[in-house]
Amino acid sequence: MTQPNAEALIQAISNAGNQSAQLAALRQFKNCIIGHDDEKELFIRHGIIPLLLNIISQDSPSEIKQQALLILGSFAYGNQAVVTEMLQYPLVSTILDTIKEANLSESQQIITFSLRILATIFQAVGGGDGSGDTQMGAQCLEQHPEIVGIIDRLLSSPSTSLPAVQQCCKLIPLLGPKRKSPALNTLSQPLIVRVSMFLRSYQQSGKPVAALEPALAALAHAVSPEHARVLLSTSVANSSASGTLKVPVSTEKFLQGLTQLTRDEVPETRLAAVELLATLQFNATSPAQKEQILLPLLPALVPIMDFLPECPRVCLVLAEICRDDVRSATMAVEVGLVKKIASLFKRVGIDNWQKSEIISAGLLALAGIGQHKDSFRQEIIDNGVLDLVIRVISVTPEPDQEGTAPGQSSLSAIRKIKIASCHLLRSLSRSVTLLRTSLASEEVVNGLMGMLTSEGNSNLARDTEPEINEMRAAVMAALCNLILEFSPLQKTLLDRGLLDLIVQGAHSSYPPLRLNSMWALKHAIFNAPRELKDIALEKLTRPYLLELCNDPELEIQEQTMAFLRNLVCRNHEVVELLFREIGRDELFGLIEEKLSSPIARDQNPEVLVSTVYILVHIAAGPEAHRDVIAQRESLMKKLLPLMFHENSDLRVAIVWLVINLTWIEEEHGSASHTESCRDRAERIVSLGFEQALKARSQGDTLDFRERTKIALFQIDGLLRASIGSR
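Residue numbering for the sequence shown follows the working numbering, beginning at 1 and increasing consecutively.
Bear in mind the hints are in silico, worked out from the structure with no lab data behind them.
Because the structure is a prediction, the values reported are computed rather than measured.
Hints are supplied without guarantee of correctness; some may be wrong.
Only pairs whose alpha carbons sit at most 27 Å apart, straight line, appear in this in silico DSS-like list of lysine-lysine [unchecked claim]:
hint	residue 1	residue 2
1	K290	K355
2	K637	K709
3	K339	K180
4	K340	K355
5	K178	K340
6	K355	K339
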């Protein structure tokens, strides 16, 4: 279209005084730009976007608004340049205002067209496959939190048309990462009701409604753990709010309906059902229910990989299913999925940044499979994946032929694949054999160290952009096992300055980087020489160590207490150092605080396990250290109830403490030493530990029973000797 014709058409569209001419111009305009991105760019330069936004924001007739929205929707389907230009205007806020002001009973098409524009824009910016970068949608959610209320109102109203419901459901997964967007959890209930309605219709007619597949995907994305548990543990649940949909949801029928959908003839519907079941199994009410949910998933997923070979969602749900279920991982290996994913990498090119979504998803799927057995990890190695991963982590973004630095989208794609590669490396490093053979290479060290320092601020403690933080957290996770004492790479990594980088990461404001850094630091000092432990403690600093012990994130508390556990292991001199640096009373006060924490007890008992093992290691030292523990009655009284905690590792740890407190060293079998042991045994008995040990001695794990026999034998021997001496 020539420039004069374009100007004339825009003039006609802007003439609100003649509505019939305006409507005709809008229709003509809509037809002339479909499929012509060059025409779209021309009209954007002539100011068409603000003109269209003005039409839909004013009190224009419904048909004119609809045509303006259809045109905006066509622009949203344009190329990256077109979409970028559109976003220079207040598009999102104007569209949201249009939806809010629309009358549900009279403006269904306006609502549907508006929602479709948002979904198309977010999907285009995110990568185009519905499973990619949700950054723009997340920004929308942050800047316009009312969008959740808008979607909730539409999903909950019986008046909302199915096309509008369908667009709502397509929009939800684009508003933030799965399970990392708590604001979306409020949509769980209306989505459950909608899905149950669609399932009932499907079971009656045998044909799914068009909105079923996006509704399943939306619920899988947004369902909260609380709603999932209620859904899986009730015979009937109702939406009780006045004026909303009221449909009973039976757990049994709901799961039966989803299982039936895993055999549907449409691959996308099968995939969405598998995604939802894979999400729900994390909140199963019993092992039997979890097994029931997981059973049909792998058989359903395998043929989907043939129908949708480059769909990232397939590999992402495979990763979820296999990560925590060895049976599913075994089946995945047996049916050749490792080979199939490796072939995918070779077909599309593992460093093909335009395919970053499917490549990163495939790497995560292999990481999930590799969590379990050495034979699975060897299968991954045998299919040549490690060589590809090493190539990826060693890539440095380079300027193009014209000397232009890579754009943000290319950098994001590279980082996404690198992050997934790190997750796979961590999974592979669970094998001691691979740690000492295939992974023990200079290329692995160079790649991982380069990722830590090559982008953003070289000091890991300082804030940088979220993507770089995420990448560094993934690198630190991959390094956790590579820095263990039996790893051939430990010395090389420490010589390259990794300890300083770990400590910097522990000071990061980004919780995953703090967590993985403390995990790596814990492993770095495991069975390490006294000098390395001293250096680690000095670099971390005493005040910050105490701060980490009370970090808002329970998992970071767990790793910090585990760091202290490894610090004092087999080294009573370090215990004395802690007594001096932290203070004896402050250290035991911290331990008592952890033992009495209801949050740690109920949500993360591993914090308590590491805390008790600190006492176990202190009690493995000199008599004075044992006496400090045994004589601290408030501490011992906090330990006693934990003998009945459901966590078996915690119970075993307490028994080990009793053993160490009553252990008579053969080389120190003096009368005074025996007397000290006897005094501690009497104190332990008086506090009720002997009775608790006897009460749990028959009905517990084998490890607990064996340790309990030793503890009771020692106590009995000391007490009988005490009676004999009298």
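To see whether the hints hold, each was checked on the structure:
1. Taking the CA atoms of K290 and K355, the gap is near 34 Å; set against the 27 Å cutoff, the hint is violated.
2. Only pairs whose Cα atoms come within 27 Å are accepted, and K637 paired with K709 is accepted, the gap being roughly 22 Å.
3. At roughly 31 Å between alpha-carbon atoms, K339 and K180 are farther apart than 27 Å, so this suggested pair is violated.
4. Of the pairs offered as hints, the one joining K340 and K355 holds, with about 16 Å between alpha carbons and a cut-off of 27 Å not exceeded.
5. The straight-line distance between the Cα atoms of K178 and K340 is roughly 26 Å, inside the 27 Å bound, and the hint therefore holds.
6. Pair hint K355 plus K339 holds up; C-alpha atoms about 19 Å apart against a cutoff of 27 Å.
Checked against the numbered hints given earlier, this structure breaks hints 1 and 3; the rest are met.
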